[in-house]
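Engineer: Full structure from sequences and hints, please.
Order-wise, the sequence lines are chains A and B.
If you count the first sequence from 1, you need to add 4 to reach our numbering.
If you count the second sequence from 1, you need to add 63 to reach our numbering.
Source of the hints: derived by calculation from the structure; they are not laboratory data.
Here the structure is a predicted model, which means the values were calculated and not measured.
Heads up, some of the hints might be wrong.
[What the hints assert, rightly or not] With a Cα cut of at most 20 Å, we get these calculated EDC-like pairs of lysine to aspartate or glutamate:
#1 B:101 x A:10
#2 B:259 x A:49
#3 B:363 x B:397
#4 B:259 x B:278
#5 B:525 x B:488
#6 A:7 x B:547
#7 B:515 x B:476
#8 B:525 x B:368
#9 A:14 x B:159
#10 A:28 x B:368
#11 A:7 x B:274
[Stated by the list, open to error] Estimated spans, in silico, between C-beta atoms of each pair:
#12 A:28 x B:488: 28 to 34 Å
#13 A:16 x B:167: 22 to 28 Å
#14 A:16 x B:170: 30 to 36 Å
#15 B:540 x A:16: 19 to 25 Å
#16 B:206 x A:16: 34 to 40 Å
#17 B:544 x A:28: 18 to 24 Å
#18 B:100 x A:28: 39 to 45 Å
#19 B:319 x A:26: 36 to 42 Å
For glycine and all other residues, C-beta sits at the position ideal for the given N, C-alpha and C.
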Amino acid sequence: MAKHIETVIKGNLSRTVQNGGCGKCQTSCQSACKTSCTVGNQICEK
Amino acid sequence: MLNLENYQIAKNVHLYQHQGLNIAYDVNSGSLHLLDTKTYNYIQEMVDLQNRSVNNPCETQNILECAGSWLNPAERMEILQELGELQAQHLLFSPEINKVDLNYPKEPIIKAMCLHVAHDCNLRCRYCFAGTGSFGGKRKLMSLETGKLALAFLLEHSGDRPQCEVDFFGGEPLLNFPVVRELVAYGREIARKAGKKIKFTLTTNAVLLNEDIADFLEKEEVAVVLSLDGRQEINDRMRSFANGQGSYEQIVPLIQEFIKKRPDTSPYALGKYYYVRGTYTHYNPDFYQDVLHLADLGIKRISLEPVVALSGEDYALKEEDIPMVMDSYDILGEKVLEYKQQGREFSFFHFNAGLDEGPCLPKRLSGCGAGHEYVAISPEGDIYPCHQFVGQEKYRLGTLVHPGQELLPALVEKFRQANIYAKEECVYCWARFSCSGGCHAANVAYSGELTKVYPLNCALQKKRLEIAYYLKIKEAQAKALLADNF
Numbered sequence: 005m006a007k008h009i010e011t012v013i014k015g016n017l018s019r020t021v022q023n024g025g026c027g028k029c030q031t032s033c034q035s036a037c038k039t040s041c042t043v044g045n046q047i048c049e050k
Numbered sequence: 064m065l066n067l068e069n070y071q072i073a074k075n076v077h078l079y080q081h082q083g084l085n086i087a088y089d090v091n092s093g094s095l096h097l098l099d100t101k102t103y104n105y106i107q108e109m110v111d112l113q114n115r116s117v118n119n120p121c122e123t124q125n126i127l128e129c130a131g132s133w134l135n136p137a138e139r140m141e142i143l144q145e146l147g148e149l150q151a152q153h154l155l156f157s158p159e160i161n162k163v164d165l166n167y168p169k170e171p172i173i174k175a176m177c178l179h180v181a182h183d184c185n186l187r188c189r190y191c192f193a194g195t196g197s198f199g200g201k202r203k204l205m206s207l208e209t210g211k212l213a214l215a216f217l218l219e220h221s222g223d224r225p226q227c228e229v230d231f232f233g234g235e236p237l238l239n240f241p242v243v244r245e246l247v248a249y250g251r252e253i254a255r256k257a258g259k260k261i262k263f264t265l266t267t268n269a270v271l272l273n274e275d276i277a278d279f280l281e282k283e284e285v286a287v288v289l290s291l292d293g294r295q296e297i298n299d300r301m302r303s304f305a306n307g308q309g310s311y312e313q314i315v316p317l318i319q320e321f322i323k324k325r326p327d328t329s330p331y332a333l334g335k336y337y338y339v340r341g342t343y344t345h346y347n348p349d350f351y352q353d354v355l356h357l358a359d360l361g362i363k364r365i366s367l368e369p370v371v372a373l374s375g376e377d378y379a380l381k382e383e384d385i386p387m388v389m390d391s392y393d394i395l396g397e398k399v400l401e402y403k404q405q406g407r408e409f410s411f412f413h414f415n416a417g418l419d420e421g422p423c424l425p426k427r428l429s430g431c432g433a434g435h436e437y438v439a440i441s442p443e444g445d446i447y448p449c450h451q452f453v454g455q456e457k458y459r460l461g462t463l464v465h466p467g468q469e470l471l472p473a474l475v476e477k478f479r480q481a482n483i484y485a486k487e488e489c490v491y492c493w494a495r496f497s498c499s500g501g502c503h504a505a506n507v508a509y510s511g512e513l514t515k516v517y518p519l520n521c522a523l524q525k526k527r528l529e530i531a532y533y534l535k536i537k538e539a540q541a542k543a544l545l546a547d548n549f
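Structural biologist: Here's what the structure looks like:
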């Protein structure tokens, strides 16, 4: 049990280089904003 | 044991404190950690030493030995051990992702389209980048024929993408509702024949959103983005009819009625969702009050965005507004938690953060895809990289009217290359995989170039992400507390 660091979310972004890019998710600017790029506010729809 | 050889900490680990929490975001894995104060200070010291290492005898490789001399040796070893374990698991200080080669096919694959079915509007919003609806040209509605050409073009250029997206936009698209209705039917038919699906959205000011139209949008599962800026005096100052009368009183009941149909709408804008979207300006840097006003109206999905404006405009955000804007995001973060506790949950779009379920790296690198995956079509059938470039001749990609002249290859290539690797401010930025270099149109409006970023947007983006990650931690803590109670 870690004493000094609590990992809240375990991400795997680097691993998505190989299996990502299916294009199923919505284009970021179509979703809710229309004036700012918001890729980080979306989720994967695969 | 932690290894920092050739590792640039500030570029790859973002450390910050918010509301008494010490937070570390690992850029390359997307992992999120909560640190005790000693560990936070220890890592921060490493960062400071590394930043000064050029003129400091403590060279990068010796940082581990130089930092943390104020910790007792056993504790220092413990922390280093934990950091080393997390590094071995690629969760903190994880390896920097090598530059990804974005190999695009010669012919662009277009998957999303903003269809400007009306270059006319029943409102005269002062900040409208569409020149109060006309985009600097004549007020005009798109013909059904042009709309059909556009949808056919999208499907023909969508390659192996199984799903395409079409947003009915304007001006005000409901001014051309008969064409919208026909195009949804036509789009469904040609998509079915092509073995694909089209996801439709409609962005409207809600003035004409009657029961008939609402029923149609429900039946056809069209996602809807509704425009409203917040408090009546704020909304009406910018969003008025041609006679100067404010729009708030007319549209609020229509929006409230419509959203009742979608109680389970997705905060991540999936499926048949709605979002109420507004703009904040120099006149409401305390825009958190507008978000709360919308939440108090019963609106659950809210997005409020900074105005895109030339610096000379009275409503453009000014330097002196920024502290209040930043405070607004801070206050809003706490209000999101407070409202949730009170059973009045709402979501603020820019506080969404998928992290472990977020978009893949290829998506994060391609950003909005404007100009090569995403295009906008004017009522005349002209093609532009996105809705914000419509009417700017320099950025016209081509036309639907003359086959073979749709997508100017040199301009497509320019947009393909305008990614984070081409923007010097992005290369070392911890937010690079979340904002993807920002909005092309905002960058061009600020600097005249696709690859020079707009610093104000960078600052706002980072602030929003910091709060989004903080809320993720609070959410996880609340869940853990709940689990402990059972």
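Engineer: Could you run down the list of hints and mark each one as holding or not?
Structural biologist: Against the structure, the hints:
1. B:101 x A:10: holds, 13 Å
2. B:259 x A:49: holds, 16 Å
3. B:363 x B:397: With Cα atoms ~16 Å apart, residue 363 of chain B and residue 397 of chain B stay inside 20 Å; holds.
4. B:259 x B:278: violated, 24 Å
5. B:525 x B:488: Status holds; Cα separation ~13 Å.
6. A:7 x B:547: With a Cα-Cα distance of about 19 Å, the restraint between residue 7 of chain A and residue 547 of chain B holds, given a limit of 20 Å.
7. B:515 x B:476: holds, 17 Å
8. B:525 x B:368: With Cα atoms ~14 Å apart, residue 525 of chain B and residue 368 of chain B stay inside 20 Å; holds.
9. A:14 x B:159: Within the cut-off at roughly 16 Å; holds.
10. A:28 x B:368: violated, 25 Å
11. A:7 x B:274: Not OK: residue 7 of chain A and residue 274 of chain B at ~58 Å, beyond 20 Å, violated.
12. A:28 x B:488: 28 to 34 Å: holds, 30 Å
13. A:16 x B:167: 22 to 28 Å: holds, 25 Å
14. A:16 x B:170: 30 to 36 Å: holds, 32 Å
15. B:540 x A:16: 19 to 25 Å: At roughly 22 Å between Cβ atoms, residue 16 of chain A and residue 540 of chain B fall inside 19 to 25 Å, so the hint holds.
16. B:206 x A:16: 34 to 40 Å: With Cβ atoms ~48 Å apart, the hint is violated.
17. B:544 x A:28: 18 to 24 Å: violated, 35 Å
18. B:100 x A:28: 39 to 45 Å: holds, 42 Å
19. B:319 x A:26: 36 to 42 Å: Cβ of residue 319 of chain B to Cβ of residue 26 of chain A: about 37 Å, so the range 36 to 42 Å holds.
Hints 4, 10, 11, 16 and 17, counting from the list given before, are not met by this structure.
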